[in-house]
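Undergrad: Here is how the chains run, residue by residue.
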Amino acid sequence: MKLLNKWPSYYKKDVVTHYCPGCGHGIVHRIVAELLEEMDLGKRAVCVNPAGCAVLAYKYFDIDMIESAHGRGTAIATGVKRVKPELFVFTYQGDGDLSAIGTAETIHSANRGEHITVIFINNAVYGMTGGQMAPTTLLGQRTTTTLGGRNPKFDGYPLHITDMIAPLPGVIYAERTAINGPAGIQRTKKAIQAAFQVQVDGLGYSIVEVLSACPTNWKMTPEESFKWITEVMAKEYVPGVLTDKRGGPA
Amino acid sequence: MNKVFMSGNHAFAEAAIRAGCRSYFGYPITPQNELGEYMAEHLPKSGGVFVQSESETAAINMVIGAAAAGARVMTSSSSPGISLKQEGISFLAGFQLPAVIVNVMRGGPGLGNIAPAQGDYFQATRGGGHGDYRTPVFAPGSVQEVADLTRVAFDVADRYRTPVMILGDGMLGQMKEPVEFPDMLVDLPEKEWALRGRGEGASRYMASLILDVMEMERHNWELVRKYQAITKNETLYEGYMLDDAKIVAIAYGTTARIARAAIKRVRKEGVPAGLLRPITLWPFPKEPLQELARRIEDFVVFEMSTGQMVEDVLLSLEGRGRVAFHGRPGGVVPTPVEFSRILYREYQRQVKSEK
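Residue numbers (my numbering), protein chains in the order written: chain A, 1 to 250; chain B, 1 to 355.
Same shape as in the complex, but just chain A:
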């Protein structure tokens, strides 16, 4: 008999999710947990989870974890990895955390080429606080703080932070994927696997930006959300490999 599916070892059982129906976090959590097992990293893994919806990620991941103040994840990860290089250290951050309040930490940890991996969930909105504008919010997108849609005259433009750091020499691998259907989910798993392997191989910094649905704050159904990612969000944030220096400098 062929095993088609199993519960990941590093994913806790019998817990009720706090994530909303259709939220992308659950899918990315599952992917991360599967990879920690498949790549045999769970026993030496330390995850830094953010302020935001994923602050409660410890309810699901069954690995060592530390919570971060809003935006400071990669600084904490730097501290852990520098004093214990044998650990596998990754951060799990949202767009507000990583590209607004944590911009400096994001850029400088990348520029130092810290040997950490960043899982960046971009849902173009502040989820946990109830749907305010994020740096990644699209032009014209309605949020609770851009009632008439994001207007560049007052609110600036969508920030492409992963594209900004991708050219840095210390950033070995950067890819953007989208959780918008089975193919996107498969691609996301491959991307995170590649990013994890960069750290395992001692090459340097890696990041995967995942376009991820927030149906509650987008005021859409899960199905509409997937469609919106494909037809709107992925046009602004085009999925693909943003840098790959695994074979040496680009």
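Derived from the structure by calculation, the hints contain no laboratory data. Note that the structure is a prediction, hence the values are computed from the model and not measured. Possibly wrong hints are sitting among the right ones.
Taking lysine-lysine pairs in the DSS-like style, the calculated list, with each CA pair at most 27 Å apart, reads [what the hints assert, rightly or not]:
| no. | chain 1 | residue 1 | chain 2 | residue 2 |
| --- | --- | --- | --- | --- |
| 1 | A | Lys12 | B | Lys191 |
| 2 | A | Lys59 | B | Lys286 |
| 3 | B | Lys246 | B | Lys191 |
| 4 | B | Lys286 | B | Lys246 |
| 5 | B | Lys246 | B | Lys268 |
| 6 | A | Lys235 | A | Lys59 |
| 7 | A | Lys43 | B | Lys191 |
Once you've looked at the hints, dock chain B against the given chain A.
TA: Chain B only, in chain A's frame:
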């Protein structure tokens, strides 16, 4: 080890290395730059980690990461930079993580200046950041004491799993004095609670988010019990010429040195002055002060601020005695002559009122 001639900033760093600290994260700010520079030179030689961070905020969060992984870790800054670190210090307190934070104080508020001051007493002793916590605060008065108290600070931080602050000032940081260091600590005990990957055991999680209010309250009272134990066991102070004193100066750090010189001067003029020097500012040596107040009526508080520690003196005395205050804020370093005039004047007032 023989005595060496060294600045306070270098002594902080050397003492930390000797206390087994192998990781330092910091951002340049005057007047404490020599501390980070010493770490940059010497830590890698002893297998340690030095990172010059992009900000004080990043530095204190790197400290959180290193502490969570079980390392003895230090960061240092001066007043404006310490304000930036307060977010992380609050998290350290919430996580119950040990770390040593050095503040080489300068004039303020705002950017202020780079001269010695004691204006951060409130910030240091009242917790500084948001939330209900305290930070043990050590106030060395000499470069030798920098060496000794840095060792104590690491031990207290580990024993109670708490961030500890060492409060110096620009004078202490820059001044060179002969100093003898304690021996190098080797083989520090493993920290059972540290993150190291779950291995074959249960996973660990460090949180400061506690959404359940009853659970948060329980956590708050647990911290209080720890602070009570610190107050009982770790309070430090020094008395100088107190046996026959009829007027007592209260001062810490650099100001206490100046007060000591002033006491020597006025004693030649027949003024029986003494000094009570708090070495821990939190916990404040409340009971020793109350004990003194049983036989001494007059106290003079000297600070390089507009009056901060004087509030702890008044709280401790609970209405007893007469408290005068003399402060020089803004980076002005007072002189022994200045202090001796104050002590002389206050003592004459006492003599007159007794007539």
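Undergrad: Now look at each hint and say whether the structure bears it out.
TA: Evaluation of the provided hints:
Note on lysine 12 of chain A and lysine 191 of chain B: the hinted pairing holds, with a Cα-Cα distance of about 26 Å set against a maximum of 27 Å. Simply put, lysine 59 of chain A and lysine 286 of chain B have alpha-carbon atoms about 44 Å apart, too far for the 27 Å limit, and the pair is violated. Restraint check for lysine 246 of chain B and lysine 191 of chain B: the C-alpha separation of about 49 Å exceeds 27 Å, so the hint is violated. Between lysine 286 of chain B and lysine 246 of chain B, the direct Cα distance comes to roughly 19 Å. Compliance with the 27 Å bound is thereby established for this hinted pair.
As the CA atoms of lysine 246 of chain B and lysine 268 of chain B are separated by approximately 15 Å, the hinted pair is consistent with the 27 Å bound. Restraint check for lysine 235 of chain A and lysine 59 of chain A: the C-alpha separation of about 34 Å exceeds 27 Å, so the hint is violated. Pair hint lysine 43 of chain A plus lysine 191 of chain B holds up; C-alpha atoms about 18 Å apart against a cutoff of 27 Å.
Comparing the model with each earlier hint shows violations of hints 2, 3 and 6; every other hint is respected.
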